[in-house]
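Enquirer: Sequence:
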Amino acid sequence: MRYPFTSIEEKWQRRWEEDGLYFVEDFDARPKYYCLEMFPYPSGKLHMGHVRNYAIGDVVARFKTMRGFAVLHPMGWDAFGLPAENAAIKHGVHPRDWTWANIAFMREQLKKLGVGYDWRREFATCHPGYYRWTQWLFLRFYYHGLAYKKKAPVNWCPSCATVLANEQVVAGACERCKTPVTRRELAQWFLKITDYARRLLEDIEKLPGWPEKVRVMQENWIGRSEGAYVSFPVVDHPAEISVYTTRPDTLYGVTYMVLAPEHPLAEELTAPGCKEAVAAFVNRARALSELSRTAGEAEKEGLFIGAYCENRLTGERLPVFIANYVLMEYGTGAVMAVPAHDQRDFEFAKKYNLPVKVVIQPPGTELDPRTMTEAYVDEGVMVNSGPFSGMESEEGKKAVTAYLQERGWGGHQVTYRLRDWLISRQRYWGVPIPILYCAKCGTVPVPEEDLPVVLPYNVAFKPTGESPLKDCPEFVNATCPRCGGPASRETDTMDTFVCSSWYYFRYTSPREENGPWDRAKVGRWLPVDQYIGGVEHAILHLLYSRFFTKFLCDNGLVGYDEPFTNLLTQGMVLKDGAKMSKSKGNIVSPEEIMSKYGADTTRLFILFAAPPERDLEWSDQGVEGCARFLDRVWRIVSAVLPEVKKAAPPKKDLVGVNRELRRLTHVTIKKVTEDIERFNFNTAISAVMELVNGIYRFCDRVPQVDRDPGALREATETVAVLLAPFAPHISEELWERLGHRESIHRQPWPEYDPGLLVEERITVVVQINGKVRGRIMLPPAATPQEMQDEALREPRIRQLLMGKTMSKVVTVPGKLVNIVVK
RNA sequence: GCCGGAGUGGCGGAAUGGCAGACGCACGGGACUUAAAAUCCCGGGGAGCAAGGCUCCGUGUGGGUUCAAAUCCCACCUCCGGCACCA
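Numbering of the first sequence is given in numbering that gives the first Met the number 0, commencing with residue 0 and proceeding in unit increments.
Hints are supplied without guarantee of correctness; some may be wrong.
Derived Cβ-Cβ restraints for the label pairs, each shown as a range [said to hold, decoys possible]:
1) His-411 with Asp-194: 17 to 23 angstroms
2) Thr-178 with Glu-391: 47 to 53 angstroms
3) Val-169 with Glu-391: 35 to 41 angstroms
4) Arg-700 with Thr-804: 45 to 51 angstroms
5) Ser-618 with Val-92: 18 to 24 angstroms
6) Arg-285 with His-411: 30 to 36 angstroms
7) Asp-752 with Glu-447: 56 to 62 angstroms
8) Thr-5 with Glu-759: 41 to 47 angstroms
Straight-line alpha carbon distances no greater than 30 angstroms define the calculated DSS-like cross-link-like pairs of lysine-lysine that follow [unchecked claim]:
9) Lys-814 with Lys-44
10) Lys-583 with Lys-595
11) Lys-191 with Lys-205
12) Lys-110 with Lys-578
13) Lys-461 with Lys-44
14) Lys-583 with Lys-89
None of these hints come from the bench; they were simulated from the model.
Since this is a predicted model, take the numbers as computed values, not measurements.
We treat Cβ as the ideally placed atom computed from N, Cα and C, and that holds for glycine.
Using the sequences and the hints given, assemble the complete structure.
Expert: Dropping the structure here:
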């Protein structure tokens, strides 16, 4: 028989809401704790990944509340984005109506899950009251020169009909729809995140509370490298080609130069006879998708453009090529090719029969260009390098760089892989970029007092590759705030990651009208003490948010330069070993599970089945087991209720089974407390299960006259309290039935009594040569000598030691005795 | 290729130098029942034997350190994730 979860859950959800149980005031005497889960995109319904995310967050929030913290635990909606617009195109629903309907539905689902949010703080990023401040922040970036428009080759997703940020391109394809990305030359808005590359990298050290995995991913993404820039004068032309290299020690081994096809000098330097071929090559390379140009096995292709430049160190003339393997976006868009010591250059040189010149000799062997099958890319001793010959690579790098610097031919340089963040999107359902274009005044920012630039409701949704706002005259046509003349509005909207880069500040003062947030409230709550979400945001959202926070800190808008002190990245929810997805048809819907088993069982299973960081394999039988456990709790509490309801506190001097029950209770409190602190929810729950099993055994074996009702009451109430963060409804109901008036979620977390943890007698293992050969019972305080003596008195041990020589005895107090014999 | 993480019963997982397999699932036995379900209690790593208690083997593989290794060190294998022509 199943306990009546439906009525219990409804009853308490209603009661909690009426009582405002989860409201938290901004200022009270308790220490603060900000617990935040990544807010969802309102796609329609919650999926199991959401359930996992919010169940984990709720355990943390409830636990910290019971431990005496003022816990800020809010929820909101990352509500702009493409799916809304795609739904509009497909089903003829307006993105706004679609989004708000989804929000209403998902809010109810979260409430049914029993998550304890302060719903007064809810907001959606698509509300003008919120995006007004997104625009305001954009203008702060703009005024500091960190928001700029430039024409550049950008990633274009033909299916989404919009441009994408670098971070949104995964293996050359759109991270949303997996369509291969193409390149387009477009004028687009960027945020200058590269200005913060150094600090974003260095400050990763300030994040010991983040998973190593995420920190490494960010480090790799930012991609710092140290080297030199070197300029090469072009022969018979005033221009110089500047390159970036991490191996200035190989400068004497350069045998040719390569420009990216998009390089500004490529066309200019092309000899008259080569014009046509070069133009054709450049066009071909430009049209190629990022995928085919960069993914693995793409054959290196290039073309001599008929120009030469000079290596100032050797005086050699070097032919200039354009080639598909050089990227315009990195370094200077040009490289010096050293085939002997760079694998890419080596492959290119072999294909086009270019000379290979060895300038680094590895220790022990001698390289011969004629017999080399691959480049030697490691360090060694410089050879054929003029005055630098004989130097070690490491020393040579410094010496060559210094030499270049003295002569003005180059110098030391640090380069990052990180590129500026492209935030323009040619889509309707996003924050309008608050910029005007005036024929007289040029680019003019919308004055702050005119914000928000409101997204018009009546537009036509066609995926044309241009923003639907372009066809909306009442939006486009505006007046220039500088000269009063006619102006047109920017019609691109912002990447939704802009909206989510600052939402965690807004929860502190969600209706603030005088600024994006109330400074004092942000000071009270930030930084986020515990952030919880999927690892898929390891780079995108988390890097952008760090960038925003640093910028805001520099401008005195917040007092911290890192937003998230501790980060927990949860694993995926799998079914049959694969991520749940529509296409695989292996989706388990939270609605179905919750109506069949209730929210408490659903939460309990998802927390019990695996530790939070690890992937979780869904198991219907596992859910069944958790339901059974809660039934078991329900039954035992109901059964002992008459016995314990009026019981006095447990007597101090209990012995035997009653004391044993108290010991188990306190051991469990200790274990559950420590496990929750370490996010080991699965073992915390198993400890509660053991306590419940212990109560059952106690009731099964100890006649009622011999039971101490106080000890039994303590055990029973402890089960309810320890379960409260995991299964908030059933524990609240049991708490009430046990005679309490105040919510269980307002109770202080129980303390264990260390004096009750000790056993009267413990089992000590006796080993001979590390193998268990016997067990002895001893008081826990037995000294090593007593342990050893007792072990040696054991008949079986004596028998096994017969005729052997004891060479050593190792004792671990409270644990074991190991006798080493020869 | 580089960087991370993981590998333990039939399954999810526990143990971070000290009794491997907690807890749960599945399975088996018992009690209750006319019976079944539910429930409650008990039992389950493998192999061997002179079998009811003992021996041996056992945490991906092979070596090492240690009185003692799932745990620490070295080499390798497999799976998962991230990055990947970044000069």
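Enquirer: Determine for every hint whether it applies to the structure shown.
Expert: Results of checking the hints against the structure:
1. His-411 with Asp-194: 17 to 23 angstroms: Hint holds: Cβ distance 19 angstroms, inside 17 to 23 angstroms.
2. Thr-178 with Glu-391: 47 to 53 angstroms: holds, 49 angstroms
3. Val-169 with Glu-391: 35 to 41 angstroms: At 40 angstroms between Cβs, range holds.
4. Arg-700 with Thr-804: 45 to 51 angstroms: holds, 47 angstroms
5. Ser-618 with Val-92: 18 to 24 angstroms: violated, 37 angstroms
6. Arg-285 with His-411: 30 to 36 angstroms: holds, 33 angstroms
7. Asp-752 with Glu-447: 56 to 62 angstroms: holds, 60 angstroms
8. Thr-5 with Glu-759: 41 to 47 angstroms: Since Thr-5 and Glu-759 have Cβ atoms about 45 angstroms apart, the given range 41 to 47 angstroms holds.
9. Lys-814 with Lys-44: This hinted pair is violated, its Cα atoms lying about 52 angstroms apart.
10. Lys-583 with Lys-595: Measuring from Cα to Cα gives roughly 23 angstroms; hence the hint holds.
11. Lys-191 with Lys-205: holds, 22 angstroms
12. Lys-110 with Lys-578: This hinted pair holds, its Cα atoms lying about 25 angstroms apart.
13. Lys-461 with Lys-44: holds, 26 angstroms
14. Lys-583 with Lys-89: holds, 22 angstroms
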